[in-house]
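Chemist: Could you build all of it, start to finish, from the sequences and the hints given here?
Counting in UniProt numbering, the sequence shown tops out at residue 265, every number present.
I should point out that these hints are in silico values taken from the structure, not numbers from a laboratory. Every residue, glycine too, gets a C-beta built ideally from N, C-alpha and C. Among these hints, one or two may not hold up.
To be verified - Derived CB-CB ranges, DEER-like: (1) G169 with A195: 48 to 54 Å; (2) Q192 with E36: 26 to 32 Å; (3) D96 with V209: 29 to 35 Å; (4) G100 with R166: 23 to 29 Å; (5) G154 with R67: 23 to 29 Å; (6) A249 with E172: 40 to 46 Å; (7) G169 with A64: 16 to 22 Å; (8) R110 with H228: 35 to 41 Å; (9) Q192 with K22: 33 to 39 Å.
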Amino acid sequence: MLQVRAPVVAGMFYPGEGSALKGDIAAMLAAAKPTELIPKAIIAPHAGYIYSGPIAASAYAALAPLRERIRRVVLLGPVHRVWTAGLALPGVDAFDTPLGRVELDREAIRSLADLPQVETNPAAHAMEHSLEVQLPFLQAVLADFKLVPLAVGGASPRQVAEVLERLWGGPETLIVVSSDLSHYQPYALARQADAGTAEAILHLRSDLVGEMACGCHPINGLLVAAGHKGLKAHLLDLRNSGDTAGDRARVVGYGAFAFTEEPVS
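Modeler: Structure below.
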């Protein structure tokens, strides 16, 4: 029997009805600033769409030219509810969203079997929103893809990078890291903190901590892998909940980044 992870934050973080969800995503993508970058990897935030959706759309809009090319998405996000010491696979065959079903890439998952930092831990995924909220955007911008979803706990940058490099593939593979930035600071302080975090990411500094980004562990691993693979980081959008739908007394920061493969000179 096919094992499927059902959505748990549909109707809360994003619309639970398919047509409304599709319409909201289309509007956010249409409002995103155009870019000519062709990403190999992106970082996008994972809060409720009313807060972080426009910033996430800035990253996903860059994937439009890759709609037919990308066939596998390696999706990493931090755990918020159930801890894992390394990186956790969900132990299911597919993820459902209001926009339909996304099958997992079984062959790619089997290729990780010998890595000690990777475990199968359904509990780490069962109530986790950081990966789920990315899926409707991916379904909207890509034609047909399979998924490798990894919930990241305490994995080191080297451990995450080893997994990413194992799954790197070619132009058919996209890497997505889900992360918000600073949490619950006053607006002006958050802007200053997030600007510093963005600068660290742009310079591929793999020493981010949780106060800078809740997804610091998967981001740090991506930054190590990006350095190994010669990628260049680009800032697409940097805002916070005070810019979108919240008050400015205690805001959450959001950034959208693209990583491109630089031509060999």
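Chemist: Now tell me, hint by hint, if it's right for this structure.
Modeler: So, going through the hints one by one against the coordinates:
1. G169 with A195: 48 to 54 Å: 33 Å, violated
2. Q192 with E36: 26 to 32 Å: 30 Å, holds
3. D96 with V209: 29 to 35 Å: 34 Å, holds
4. G100 with R166: 23 to 29 Å: Hint holds: Cβ distance 28 Å, inside 23 to 29 Å.
5. G154 with R67: 23 to 29 Å: Distance hint for G154, R67 is violated at roughly 35 Å.
6. A249 with E172: 40 to 46 Å: 45 Å, holds
7. G169 with A64: 16 to 22 Å: For A64 against G169, whose Cβ atoms are near 20 Å apart, the range 16 to 22 Å holds.
8. R110 with H228: 35 to 41 Å: 23 Å, violated
9. Q192 with K22: 33 to 39 Å: Holds: the Cβ-Cβ distance is about 37 Å, inside 33 to 39 Å.
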